[in-house]
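Protein chains in written order, with the numbering used here: chain A, 1 to 305; chain B, 1 to 305; chain C, 1 to 320.
In short, the hints are calculated from the structure, not lab data.
Treat each hint with caution, since some may be false.
[Unchecked claim] In silico lysine to any residue, SDA-like type, Cα no more than 25 Å apart, as pairs:
hint, chain 1, residue 1, chain 2, residue 2
1, B, K44, A, T253
2, A, K16, C, H43
3, B, K186, B, A256
4, C, K94, B, L116
5, B, K44, B, A2
6, B, K186, C, I268
7, C, K94, B, G115
8, A, K44, C, W267
9, C, K45, B, L116
10, A, K298, A, R236
11, B, K249, C, R110
12, C, K45, B, K44
13, C, K219, C, V269
14, C, K94, B, T108
15, B, K44, A, D43
16, C, K94, B, H87
17, A, K44, C, A280
18, C, K94, B, L285
19, B, K298, B, A286
20, B, K186, C, V164
21, C, K94, B, D274
22, B, K52, A, V263
23, C, K219, C, Y278
24, C, K94, B, K44
25, C, K148, A, Y173
26, B, K298, B, L116
27, A, K16, C, W267
28, B, K186, C, R110
29, C, K45, C, R110
30, C, K94, B, K298
31, A, K16, C, I268
32, B, K282, C, M166
33, B, K44, A, R261
Note that the structure is predicted; figures quoted are calculated from it, not measured.
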Amino acid sequence: MSARIRRSWLVVPMSKAEQIVRASRSGADVIVLDLVEFVAEEDKPAARERVQAAIRTAHAGGAEVFAQVDPEMLVADLHACAWPGLTGVIVSRLESPQQVAEVNGLLAELEVRRGILHGALEIVAALETARGNHAAYDIGCASPRIRGLTLGRADLIMDLRPEPSGEIHLMPYLMQRLIGVARALGVTPIGAWWRAPARGLLAGPDDTYHAARRGRAIGFTGSLCIDVNQVEPLNRGFTPDDAEAAAANELITAYRAGVARGVALSEQGDRLVDRGAAAQSLALLDRAAACAARDREKAEMAGRQ
Amino acid sequence: MAILVRRSNLLAPITDAERVNQAWRSDADAITLDLEDGVVETRKAEARGLVKEGIALAGQGGAEVFVRVNAALLHADLDASVWPGVHGIMLPCVASAAEVLEAVEQMTALERRRGLAAGALELIVLLESARAVWDIRSIITASPRITQVGLDESDLACDLGITPLPEYDPYVYARGRLVIEATAAKVQPIGITYPLGVHPRSLSAAEIHRMATDARNLGMKGVLCPDPSWVAPANAAFTPTAERVAHNKRVREVFAGAVAEGTAAVPLDGRMIDVPVDEWAKVVLAMADACDARDAQKRAARAGS
Amino acid sequence: MATPQVRRSGLTMPVVTRRFVDHAWRRGCDFINLDLEDSVPQHLKAHARGLIKDAIPIVRKGGAEAFTRINHDHVHADLEAIVWPGLSKVNYPKAESAEEIRLLDDVITRLERERGIRPGTVEIGANIETATGVAAAYDIASASPRVKEFGGGSGYDMSRDLGVEMFVGFEQFAYGKGELELAARALGLQVRAAPFVANTTGSVSDADRAFGEAQAARKCGFRLGGGLNPAVVEPQNRGFTPTAEEVEDARWVLERHRELAGTGDTWIVIDGRVIDRYEAARARDTLEWAALCAERDREKAVAVLRTRAAMAEPTPPTSA
Chain A
1 MSARIRRSWL VVPMSKAEQI VRASRSGADV IVLDLVEFVA EEDKPAARER
51 VQAAIRTAHA GGAEVFAQVD PEMLVADLHA CAWPGLTGVI VSRLESPQQV
101 AEVNGLLAEL EVRRGILHGA LEIVAALETA RGNHAAYDIG CASPRIRGLT
151 LGRADLIMDL RPEPSGEIHL MPYLMQRLIG VARALGVTPI GAWWRAPARG
201 LLAGPDDTYH AARRGRAIGF TGSLCIDVNQ VEPLNRGFTP DDAEAAAANE
251 LITAYRAGVA RGVALSEQGD RLVDRGAAAQ SLALLDRAAA CAARDREKAE
301 MAGRQ
Chain B
1 MAILVRRSNL LAPITDAERV NQAWRSDADA ITLDLEDGVV ETRKAEARGL
51 VKEGIALAGQ GGAEVFVRVN AALLHADLDA SVWPGVHGIM LPCVASAAEV
101 LEAVEQMTAL ERRRGLAAGA LELIVLLESA RAVWDIRSII TASPRITQVG
151 LDESDLACDL GITPLPEYDP YVYARGRLVI EATAAKVQPI GITYPLGVHP
201 RSLSAAEIHR MATDARNLGM KGVLCPDPSW VAPANAAFTP TAERVAHNKR
251 VREVFAGAVA EGTAAVPLDG RMIDVPVDEW AKVVLAMADA CDARDAQKRA
301 ARAGS
Chain C
1 MATPQVRRSG LTMPVVTRRF VDHAWRRGCD FINLDLEDSV PQHLKAHARG
51 LIKDAIPIVR KGGAEAFTRI NHDHVHADLE AIVWPGLSKV NYPKAESAEE
101 IRLLDDVITR LERERGIRPG TVEIGANIET ATGVAAAYDI ASASPRVKEF
151 GGGSGYDMSR DLGVEMFVGF EQFAYGKGEL ELAARALGLQ VRAAPFVANT
201 TGSVSDADRA FGEAQAARKC GFRLGGGLNP AVVEPQNRGF TPTAEEVEDA
251 RWVLERHREL AGTGDTWIVI DGRVIDRYEA ARARDTLEWA ALCAERDREK
301 AVAVLRTRAA MAEPTPPTSA
């Protein structure tokens, strides 16, 4: 099964549930209903009450819907969000396979009770601490519900700071490690390559586009964001553009012409082109097509509103 | 323990008669007759028939001759490749220790059947998936026949789902893991600096030399050369220059003098020469001797042919 | 995580060089690392062992902690010679397995007991200097509670093990450094790390460079220094200590964050700067660190005064 196109994951704190309407019109591939990161302690009970209705609104614009939950408050958070219409949950600060097992068990119960197809609810593991990242492989293995890994807000939670170069200390290593572990397990790496000072709450549209583009170049497929103005740049940054598609077509043509002549290695300019390069280009065109299909799907759903 | 000197390993598609005939002139330390990415699908059977003759042609300059087999056609390819004169097999697409052992089993049987010394054939393994990078330790320790390991960056890009950009190296983690795990297992890591591994090009000798030098300073011990023009600069980059040899001989002399006088640190040309610096000098001089010996072997082989 | 020790600066010195040991207390270091390893020639190592016991109190006269670096291949002989009251830490080079660390722990435990040292006092510094060490990093770092800080992954010995030249101007050790730092953080240990700074000179005595690197490391959240040359001590002390402006700023951040309570917002942007619980945590951390540094500086100043008094030396007009 080819993975869903999920380039933009717009986070809406459930303490500000009125933002859900604007979010549903933002063109986000995914809307994340947050019960953890951006919701003050005292507002959490009320926030949980709003999730079921928010799921319906979020869907209106064609987005998939995830909820972000706290591993220390799983029973309350999962009961609040496991309703028909929910695609899955992001578990913030996930640190152990034991926590995954707990989430898995609760989701299974809730699926039965609420008429959701068994096993449908996905888990995205947010590895935002050193312990979580260290255990990434074991966590990713712990349940077939796990479909994605992300660093979430690891840079803030682990207190990783900008280096003179602008790179956030340790993040290049953590990103590539997470991408490698995710692909080794056949799950999707989610995130972007943010650089200081344009990260987190301060990232503007341009910074966001570049973080997405860089992120895509190393293996991320989509990223979380907090502001509606970041949605379009994320969608754009994570979609192959026309120039790339054209280059991919040229390369495939050159390769196939060579093969027709009985030659497995061709030259494109000064570059040696082989089967692997052609395979990359084909994969790029596939992704471009899938992105276009997702965009059409969202347009249709939005049109029906 | 003898130092393995294999600074350059030139790939020669077996169906390219010109390349196979001329390969020895490049002065590569090793030549790999390629049945895999250098040969189109429709000619793979034909290619197998060309190996036996190709071995002698490739070996006439004293190069070690390898054959790169297809993982999907392992048995047929090994059967066509294990002949006297072959130094080893290059095994691409390795994802597990079990795959190594499968190849080893057949190689052992073929060695016996064809009069090669038992265990004579070396293995060079190429990793091209995130899974393989994660499991590298179990893969490269699966058999003592494995002497070198590298990344197939082109296929790894497919596995990671990316079309790499030259400005953003997606393999810092994978390459770093390769160097550390290989060195720890006493297997030589091979490869060239980014992006030449994933975007091989014909560049000037000076540029190849610079990138091979950078690769050496990342811990690589040699380069797979997709093009003959890479060979001479790669050989040079991995050989200590006369200047470095002279300098390090001086270091050793000066340090020995200091030790004789009862200290463990002595200045030379603005640097402090102490135990670690002397240890490094030993490494450089040993490498220089080993390279000299290898070059002499190749000269003798050419004189004899 | 336990209260971090203040170890901004420190000198590694061959214990056999009398004048280094005698003057160590004047350097202003947070620690002195008495070396039995690479700076001591082979034929003097036995003699060196005999010097450690007396050297420990001598180097501590200025308030510095006393560490020792032992030889990888002479663990038993070296530990017997060095584990005495006053020793804070044993630095163990080229650590490659958890088993090695457990052995050190066992021997140190016995010696602490036999010599009246409070159990658990002596820390172990597990120095990773080979590829094998990196490959076993997490196991090594978690092998003993005496390991309280961890990191590194570059340097001369690592370079030799990988067969690479040093000072080539680009990052050669990203993977090893990342593995060690991740292990340290996952285990709640103090992290020995720094932002990458291209270094093509290998100079060990450049004071400006030392200050710049210490400051960059501190701004990245790291606080552990050390070196070979006295010229870097003061720059490291200064570079690793928060400035008055930074302390003031930390207090400002905490006030702004306190104002968020009860508003329903978890963050606010003021003058293009985010104030949230992460900024607040960092601010608290800065204040705690500033206090620890001040306390450490007071401790050292008192020790220096006492030593001078005992030596009937005049105190200079401006204290150290």
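Handout entry: Violated constraints from the hint list, given by number and in increasing order
Key = The structure breaks hints 2, 3, 4, 5, 6, 7, 9, 11, 12, 14, 15, 16, 24, 28, 30; every other hint is satisfied.
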